[in-house]
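Chains A and B are the protein sequences, given in the same order. Each residue of the first sequence is one higher than the one before, counting from 1 in the numbering used here. Each residue of the second sequence is one higher than the one before, counting from 1001 in the numbering used here.
These are computed hints drawn from the structure, not numbers from a lab. Keep in mind that a hint or two might mislead.
[To be verified] List time: in silico DMTMM-like cross-link candidates among lysine to aspartate or glutamate, alpha-carbon distance up to 25 Å:
{"id": "1", "chain 1": "A", "residue 1": "K19", "chain 2": "A", "residue 2": "E6"}
{"id": "2", "chain 1": "B", "residue 1": "K1099", "chain 2": "A", "residue 2": "D139"}
{"id": "3", "chain 1": "A", "residue 1": "K44", "chain 2": "A", "residue 2": "D97"}
{"id": "4", "chain 1": "A", "residue 1": "K29", "chain 2": "A", "residue 2": "D97"}
{"id": "5", "chain 1": "A", "residue 1": "K86", "chain 2": "B", "residue 2": "D1239"}
{"id": "6", "chain 1": "A", "residue 1": "K99", "chain 2": "B", "residue 2": "E1015"}
{"id": "7", "chain 1": "B", "residue 1": "K1078", "chain 2": "A", "residue 2": "D90"}
Here the structure is a predicted model, which is why all the values come from computation and not from measurement.
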Amino acid sequence: MRVISEIEITPTSVVLNGKPIAVETTGEKMLVELYRRFAGDYPKFFKMDTLSRLGFIAAEILLKEPMANSPKPTAIILANRSASIKNDTDYMDTISDGKYYPSPALFVYTLPNIVTGEIAIRYQIQGETSFYILDKPEDLEQILLSTFNIQPSTSALAGWCECSYANTFYAKIQIIWNN
Amino acid sequence: MVYCIGHTIISPLGEGSQANLEAVQAGRSGLKLYTHRFADVEPFCASLFDTPQSFVPLCIKSVEDAITNYQLQITNSKDTVFILSTTKGDNLDLITPAKTIAQHFGNPNAPIVVSNACTSGVCAQITAMRLLEAGLYRHAIVVGCDIQSRFIVSGFQSFKALSPEPCKPFSPDRQGLNLGEAAATIIYSQQPMANSQQPLWTLEAGSIHNDANHLSAPSRTGEGAYQCLKDVMEGITADQIALVGVHGTATMYNDAMETIALERAGLQDVPKSVLKPFFGHTMGAAGVVETILCAMQANKMVNDQMVNDQMVNVIKMLSGFGGVNAAIRLRCE
């Protein structure tokens, strides 16, 4: 397994391959700022929940970097600890006592693997998409090792993508090449 | 290739894989109309436990049933990993129940939760196969479970995806799906059981593909599902397959998509197993429940000499939100 590039996003910082990217805003506003700077042509972004926005932005920045000799990822393998809890909580608000108006637009995001689907659609990746819920980021290593063991020539967008509360998120996502 | 060394199903139709198989063979369905189960929710048809169950105890009961039936003493081993397949876990929490279950059995390893929407039960078996084949563990205990709630039923109702009556997969007048509850466990091992006459089945291949088309509707060409079928059929032909366990949710789009994918893979004439009219859509449990029953149905076909010696393969396929599709191939001899 070889790491081609890596991005780390917190509510106050963005670091691409060890180099910080300057941002003027923080939290969810920062994700919108990054969208305008690195994408801007994909209004579906505004329909997404924060977890999907986070993964989408990470992929957008990683895949925008010119990568010499590196193939487009064929698989998307992401993990976190709290699944889709932030959006689940938002959906819960639409079915609270006395205010029962369940929102289909929110319900679709009550699954953590939706972020892998969003990235797959954006980049037309028809390979594997998988989402795991793990206690800690290190637990993903054995999963990636065993996945690449079966699919030796895979390049994957893989890593941690978590949003537990409003404005509380963390992503550390890599492009990994296994050849 | 990995060996199944034990399994069980606990559903509203019964406890134990055999009891569930007999219920299906007798044409019994767990589907009923519920009018007051959850506050505010419109009446819905589903297969629910008569007494509402708690997630963790139900999972533990399912694992205990599987290990007791087959007299396995592997749960507390460092060579064993727990893999939980669920979409909503214990009231939206997925990792805590997984840890509680592993700890209950004295297992020292970090559990893995597979949350790949409705394909989770098949994806969890693929994860198990990969971990064992990579030599990271000797045994994997795959538990699939979901409990229905106001959260889930209201969401599917808001999507207008629920049928008001028992679902009719692949019928021209199908109206949507029914939800269901179940817990099921499959134990995979690098080796067949020493004291067993024969493996219950072997898991030969698995594949996961995204349609890259839509988050909540399947591809019109069945692309992802077709790619999965093509992958798991590598090295065999359609006339070596006894049975295909389809997803068959009875939504308009799913069943149309699967029909196209099956035809593209040349599987239109292979017998199909469609289990949603008995269990409803048990979400994270569906792939585990349906794999067990398909394998048992195929075993019966072999024993009853309904199929020839070559037809020992079974395919189980699923599709879900996020555009994800998954399939596995078993050998049942």
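Failing hints, ascending?
Violated hints: 3, 4, 5, 6, 7; rest satisfied.
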